[in-house]
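Chemist: Listed below are the residues making up each chain.
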Amino acid sequence: MADKRVVDQVLDLDALLEATESPEAGAVVVFGGTVRLHHEGQEVTHIEYTAYRPLAEKALARIEQETRERFDITGCRVLHRVGALAIGELSVLVVVRAEHRAEAFEAARYAIDTIKQTVPVWKRETYADGSHTFVQGTPLHNESGQAGE
Amino acid sequence: MTSVVTQRVHVQCYGVLEQVCGGLDRELEVPELPLRVDAVLERLATEVPALRQYLPRTACAVGDTIVARSHRLSAGETLVLIPPVSGG
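So the protein lines, in turn, are chains A and B. Sequence positions in the first sequence follow my numbering and run 1 to 149. Sequence positions in the second sequence follow my numbering and run 1 to 88.
One chain only, chain B, in its complex shape (with noise of 0.2 Å):
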């Protein structure tokens, strides 16, 4: 018998994207690491359709940096969503 083994993702939800995703923090379980952004993305809008909307305007961060789509997360990174901004 083959053990299925999975790793998680943590993803942080910023500004309405908290509201559309029932809370700021959010674990997601992918079944391999490194991944790309768009992939892990992809899985994120499945679990929770009413983002699937908001992608085409979400940046995404991973610590202080903006990454791109395709960008590889690894194992420890979180992957920050950050809808259009509005501060000032």
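So here's chain A without its partners, still in its complex pose (with noise of 0.2 Å):
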């Protein structure tokens, strides 16, 4: 996996766990987000994740290490996957460690939300009935600003 953020693979748990073991952790709150069956009534059949990868690789980096600094956390690490997904495959992982809880479940909040705001990755939806479409998102922002500007 080296230091790869976005993969193709199904997503390793384990090795997030390994990665931000640490004796001065009493807590570890694991996220993660799967393909669900409907969205706004439509039955899905499948998701298809897209990502423009030098950004997202550079953006989740940055998550980790904004969490580690905004948290009183030991650890955190991410991982998004691309590629066609089935319903209730892991498509996102967050794992942070902290002395306690509290902390761990605050940081692993800020991280998830900041990675469904900041990182170039797309889906596209697959319905029962064969149509597809992109799932409406958020413009991403530069240090000036808006995203058309």
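Wrong hints could be hidden among the right ones.
[As the list claims (entries may be wrong)] Below, computed lysine to any residue pairings styled on SDA-like, alpha-carbon distance capped at 25 Å: (1) A:K116 x A:F71; (2) A:K58 x B:R69; (3) A:K58 x B:E18; (4) A:K116 x A:A86; (5) A:K116 x A:T50; (6) A:K58 x A:E106; (7) A:K58 x B:E77; (8) A:K116 x B:Q19.
[To be verified] Chain B regions said to be covered by chain A (calculated; three or more residues, Cβ under 8 Å): (9) 6 to 16; (10) 62 to 71; (11) 80 to 87.
Calculated from the structure, these hints are not laboratory results. Even for Gly, the Cβ is constructed at its ideal location relative to N, Cα and C.
Take the two lone chains, each set in its own frame, and fit them into one complex as the hints suggest.
Modeler: So, in structure tokens, the structure goes:
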């Protein structure tokens, strides 16, 4: 897996648990996002995730770093999968370890929320009737402001 | 007789824009480089009118960096179009 955070294979939770191990930690919080059967009333058959890897890798690494800086935690690692995923498969993983649970929960929440808002990944849902659509997303901002500027 | 020299810009369209632009990769002829990103986008929107409505919510990147519309694209740089993101 090396240091890649955008991966084509099944996400390896054990590797993240190992990478964040710390004798100082008394809590570990794992958040996983999985492919859901229903989206806004429609039956989903699978989701195709794509990413712009150069920027996605950088954004995910920055989220790990920011999460460690903002919260009193001992470690944070994240992974995002790309490709065609079936219902129930893991698309994203966040692992946070901290001395105490409150910080671990808070930090994990921050990490996944920031992933959803700032990492160039897109999901295209395919429905039972064969149609498909790109899920509405959040525009990226640069340091000076809005996406369109 | 003067020959008109044009240069080519490589553009990559991600997410829904791959569908809108009819493919991930696109080559665009421009009169000269460097050229501002907004001018490249204007030229692309002339070729692909359906793209125009997406541009206000589209970010642009070169390599692993988000660039402003005022960034001047040099020869050899690929302009990457990034519509609203929906990972997780």
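Chemist: Would you mind marking each hint as holding or not holding in the structure?
Modeler: Now for the hints, and whether the structure bears them out:
no.	hint	verdict
1	A:K116 x A:F71	holds, 19 Å
2	A:K58 x B:R69	holds, 21 Å
3	A:K58 x B:E18	holds, 22 Å
4	A:K116 x A:A86	holds, 20 Å
5	A:K116 x A:T50	holds, 14 Å
6	A:K58 x A:E106	holds, 22 Å
7	A:K58 x B:E77	holds, 19 Å
8	A:K116 x B:Q19	holds, 22 Å
9	6 to 16	holds (count 4)
10	62 to 71	holds (count 7)
11	80 to 87	holds (count 7)
In this structure, none of the earlier numbered hints is contradicted; all agree with it.
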